[in-house]
Structures are given as C-alpha cells and as structure tokens.
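Chemist: All residue numbers for the sequence shown refer to the numbering used here, where the first residue is 419 and numbers rise by one.
Hints are computed from structural coordinates only; laboratory data are not their basis.
Hints should not be assumed to be uniformly reliable.
Unchecked claim - Derived pair list, reagent style DMTMM-like, types lysine to aspartate or glutamate, alpha-carbon separation capped at 25 angstroms:
(1) 633 / 537
(2) 627 / 461
(3) 464 / 522
(4) 598 / 522
(5) 598 / 442
(6) 627 / 453
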Amino acid sequence: MFIFTSFLLRAEPPSFGLGVSVSDSPYKGYGTQYDPLPHIDYDNGKFFIDDTSVGAYLYNHHQQELSIGFNYLSSEFEPSNSDDRRLKKLNKRHSTLASELLYEITTLIGVFSTGLSVDLLNQSHSVLIDTNYTFPIFYKNWTFIQTGGINWANTQHNNYYYGVSHREANRSGLAYHHAKSTLSPYLSFTANYHLTGHINTFAGVRIDKLTGDVKNSPMIANSTIPNLYVGINYQF
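Start from the sequences, fold in the hints, and give me the full structure.
Modeler: This is the structure in structure tokens:
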C-alpha cells in the first residue's frame with residue numbers, strides 16, 4: 419500500500435551525490451543545456467546545507483521552520499552561447515548570490531513553504547518570492563515527491579535577464595523591451611529509489627512556465643521550460 423506522510427516523520431541522514439540536468443534554455447539560439455547537478459544534504463536542526471543553499475534556523479519547532487541563509491541564483495545569459503546573431507550583440511547577464519528567508523510548515527497532507535530571496539551582489543537587484551506545496555508518497559523502496567508552486571519576480575530581476583535596453587536595441591536590431599514583474603507557475607516530480615541502505619538514485623522533471631513581459635521578450639524562444647535530472651547519492 420502507499421503511505422502518505424510528512425517529511426518530518428521521515429527525516430533523512432546527511433547525504434551527498436552527483437547528477438546531471440538537461441534543460442531547454444528559454445533564450446533564442448541556446449538549445450539544450452547539460453549541467454552538473456551536485457547534491458549535498460546536511461541538517462542538524464540548527465544549521466543546514468541543501469544543495470546550493472546554506473543557512474541556519476531561527477525557529478525549528480512543532481513542525482514549523484523559519485530559516486535564514488544564502489542561495490545561489492543560477493540564472494545567466496552568455497551572448498556567445500547563442501546561435502542568434504542578434505542575441506550575440508547583447509550584454510551578459512550574470513548569476514548571483516541571494517539572501518533567503520524561508521518559512522515552512524509540515525502537515526499530514528504535505529509541506530507548505532514560502533520564501534523571500536534578495537540579490538546580495540547587486541548584479542540583478544532581484545527580489546523573488548516563491549510559494550509552493552509539496553506532497554510526498556512513500557512506497558516500499560520508493561519515494562515520490564510532487565511539488566507545485568508559483569514564483570513572483572520583481573521588475574529589476576526580469577528586466578536584467580529578459581529586457582533589451584535602447585542601446586542594445588540599436589546595436590542588435592532587436593526591439594526595445596522593458597520587462598515588468600511577473601507571476602510564473604511551475605510543477606515538479608521527483609522519484610527516489612533506495613538501492614541499498616546507503617545508496618539512492620533519483621530522477622525527476624521540473625516544468626516552468628514563463629508569463630507576461632518575460633514570455634514576450636524578444637530574447638525568448640520558449641515560454642515552457644522543461645528540466646530533466648538524474649543522479650545518485652550516498653547516505654551516511
């Protein structure tokens with residue numbers, strides 16, 4: 419039978435591993451991207467490392483967590499990686515480091531969380547708010563994790579990564595574009611299989627839907643962004 423329960427009731431020991439992600443870039447001329455996917459999971463109840471996030475708990479009691487930390491925002495645009503001659507004439511857009519405030523509550527029907535991220539390096543001046551619901555299912559050696567969420571991005575974030583300035587428009591031939599704030603939904607599904615007492619494999623898919631001024635940017639070729647990932651990790 420399937421078992422529906424909360425993450426809190428099935429806390430996992432520290433683990434590390436490696437995988438690969440395959441994604442379809444939204445930018446014109448980019449094509450398919452292959453990226454390494456490091457996995458690090460450590461949580462002692464006061465301090466945590468979760469892949470590209472590190473932080474500490476301000477409150478961690480009664481199935482509720484409030485944490486503060488740092489998160490790597492991997493969004494970037496490298497003109498030389500695009501086959502589109504016009505996009506090659508645009509400015510680079512860099513990844514950045516963000517501070518993050520996250521609240522999470524675990525219930526018998528799943529996990530609800532909301533987080534606020536702010537660019538620390540003044541690359542994009544991003545302010546992001548992410549709200550999601552995660553529902554785990556445990557069945558024998560399998561763990562299935564479904565997540566649905568929505569992300570709000572401020573005007574500065576969207577304009578940095580998807581806008582085209584007047585100077586860039588004159589240089590490239592693309593239309594000027596000022597990208598305002600957006601709400602963008604996403605869905606993900608991950609399956610974990612316990613091969614042994616210490617070794618697990620995982621595979622999943624995440625689909626992001628670009629909306630509004632981001633979807634309408636002259637830089638964008640695809641508004642539906644799939645991301646597939648597979649990997650293996652070792653639990654202590």
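Chemist: Each of the hints needs a verdict: does it hold here or not?
Modeler: We went through each hint and held it up to the structure:
no.	hint	verdict
1	633 / 537	holds, 22 angstroms
2	627 / 461	violated, 31 angstroms
3	464 / 522	holds, 15 angstroms
4	598 / 522	violated, 28 angstroms
5	598 / 442	holds, 23 angstroms
6	627 / 453	holds, 20 angstroms
Taken one by one, the earlier hints fail for this structure at numbers 2 and 4, listed in ascending order.
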